[in-house]
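K.L.:
Using the sequences plus the hints, can you model the full thing?
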Amino acid sequence: MYKAKVNVTLRPSILDPKGKAAHHALQNLGLNDVQQVRIGKFIELDVNADSKEAATKVVESACAQLLANEVMEDYEISFED
Amino acid sequence: MATFGVIVFPGSNCDHDAYHAMKHIMNSKVKFLWHKDTDLSGIDFLIVPGGFSYGDYLRSGAIARFSPIMQEVVKFAEKGGPVLGICNGFQILLEAGLIPGAMMHNQDLRFVCKNVFIRCETTDSLFTNTLTKGQVFDIPVSHGEGNYHINESGLKSLQDQDQILFRYSDADGNLTEESNFNGSIDHIAGITNDGRNVLGMMPHPERAMEKLLGSDDGKIIFDSILNSLSVA
Numbered sequence: 054m055y056k057a058k059v060n061v062t063l064r065p066s067i068l069d070p071k072g073k074a075a076h077h078a079l080q081n082l083g084l085n086d087v088q089q090v091r092i093g094k095f096i097e098l099d100v101n102a103d104s105k106e107a108a109t110k111v112v113e114s115a116c117a118q119l120l121a122n123e124v125m126e127d128y129e130i131s132f133e134d
Numbered sequence: 013m014a015t016f017g018v019i020v021f022p023g024s025n026c027d028h029d030a031y032h033a034m035k036h037i038m039n040s041k042v043k044f045l046w047h048k049d050t051d052l053s054g055i056d057f058l059i060v061p062g063g064f065s066y067g068d069y070l071r072s073g074a075i076a077r078f079s080p081i082m083q084e085v086v087k088f089a090e091k092g093g094p095v096l097g098i099c100n101g102f103q104i105l106l107e108a109g110l111i112p113g114a115m116m117h118n119q120d121l122r123f124v125c126k127n128v129f130i131r132c133e134t135t136d137s138l139f140t141n142t143l144t145k146g147q148v149f150d151i152p153v154s155h156g157e158g159n160y161h162i163n164e165s166g167l168k169s170l171q172d173q174d175q176i177l178f179r180y181s182d183a184d185g186n187l188t189e190e191s192n193f194n195g196s197i198d199h200i201a202g203i204t205n206d207g208r209n210v211l212g213m214m215p216h217p218e219r220a221m222e223k224l225l226g227s228d229d230g231k232i233i234f235d236s237i238l239n240s241l242s243v244a
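Residue numbers (my numbering), protein chains in the order written: chain A, 54 to 134; chain B, 13 to 244.
Just so you know, the hints here were simulated from the structure itself, not pulled from any lab data. Glycine included, C-beta positions come from ideal geometry on N, C-alpha and C. Keep in mind that the hints are not guaranteed to be accurate.
[Claimed, not checked] Distance windows between CB atoms, simulated:
(1) A/133 <-> B/146: 50 to 60 Å
(2) A/97 <-> B/25: 25 to 35 Å
(3) A/66 <-> B/126: 24 to 34 Å
(4) B/164 <-> A/90: 23 to 33 Å
(5) B/171 <-> A/118: 21 to 31 Å
(6) B/228 <-> A/68: 33 to 43 Å
(7) A/65 <-> B/207: 27 to 37 Å
(8) A/97 <-> B/44: 36 to 46 Å
(9) B/146 <-> A/66: 43 to 53 Å
P.N.:
Spelled out as structure tokens, the structure:
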């Protein structure tokens, strides 16, 4: 069993209204050192696979077909050791 | 007489409006199609209605596109069958890849539910052939994720191929910044695929069918559709 962690984020070229709103709220809290906020999704997947390579393939397929919309989102996959 | 099919997903909430609009206002044959149905025989025109299919989990429309019926809708559309996706229906058609682009949260993060104006941009489609270019309609919107996005080359191709059917405007048809309330790229309110048989639009024509309820401008679009189906 492999535990995959997927981060889905809006592409850098795309305005992130949620991140902007959160950034604004942080400024109201006085946390003026925060320069930018981008909000994404974090998804965990438990994958049955014989190898990490095989598990990666499954997760990549899940990301490309469902978990991320590649028109506006990027994704990053990592595995828990 | 053409038969309309209205797809019902768990979480659809404009399915009955669409049914009522077609049956009682447009006097057409219409039937509901459950999302687990796979038989589209006898259906001449498909409506993917608005709502919150599958609770908008993950992204609006992302789960619905994997419904059994959506596989049939894709086949139907690829064979040239006419499909209208309204609001959440538009989002589902985008996720299914029948129309290019994607929807983001409205630029001010608010769910907007009000009447707006849209302008007809082309009469070269089965959805707009009885309209006049530049004609302005009074029509409701009701969405939180209607901020249409597409990359630059995609936008250029939509413009070059005359695929933008409706843009948000003011009452006089001017594309003002305020009229583009959700932040959509190029004021886009409704676009068709390159085969011109699939229309996705955020505003709700099926909710603008009776003067008593504010506006009956939505009828103009369904008149155009019925006209196209009768001559086809």
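K.L.:
If a hint holds in the structure, say so; if it does not, say that too.
P.N.:
Now for the hints, and whether the structure bears them out:
1. A/133 <-> B/146: 50 to 60 Å: 58 Å, holds
2. A/97 <-> B/25: 25 to 35 Å: Given a distance of about 31 Å, which is inside 25 to 35 Å, the answer is holds.
3. A/66 <-> B/126: 24 to 34 Å: 30 Å, holds
4. B/164 <-> A/90: 23 to 33 Å: For residue 164 of chain B and residue 90 of chain A the Cβ distance comes to about 26 Å; the hint holds.
5. B/171 <-> A/118: 21 to 31 Å: 29 Å, holds
6. B/228 <-> A/68: 33 to 43 Å: For residue 68 of chain A against residue 228 of chain B, whose Cβ atoms are near 36 Å apart, the range 33 to 43 Å holds.
7. A/65 <-> B/207: 27 to 37 Å: Holds, since residue 65 of chain A and residue 207 of chain B (Cβ atoms, about 33 Å apart) stay within the stated range.
8. A/97 <-> B/44: 36 to 46 Å: Between residue 97 of chain A and residue 44 of chain B, where Cβ atoms are some 37 Å apart, the hint holds.
9. B/146 <-> A/66: 43 to 53 Å: With Cβ atoms ~32 Å apart, the hint is violated.
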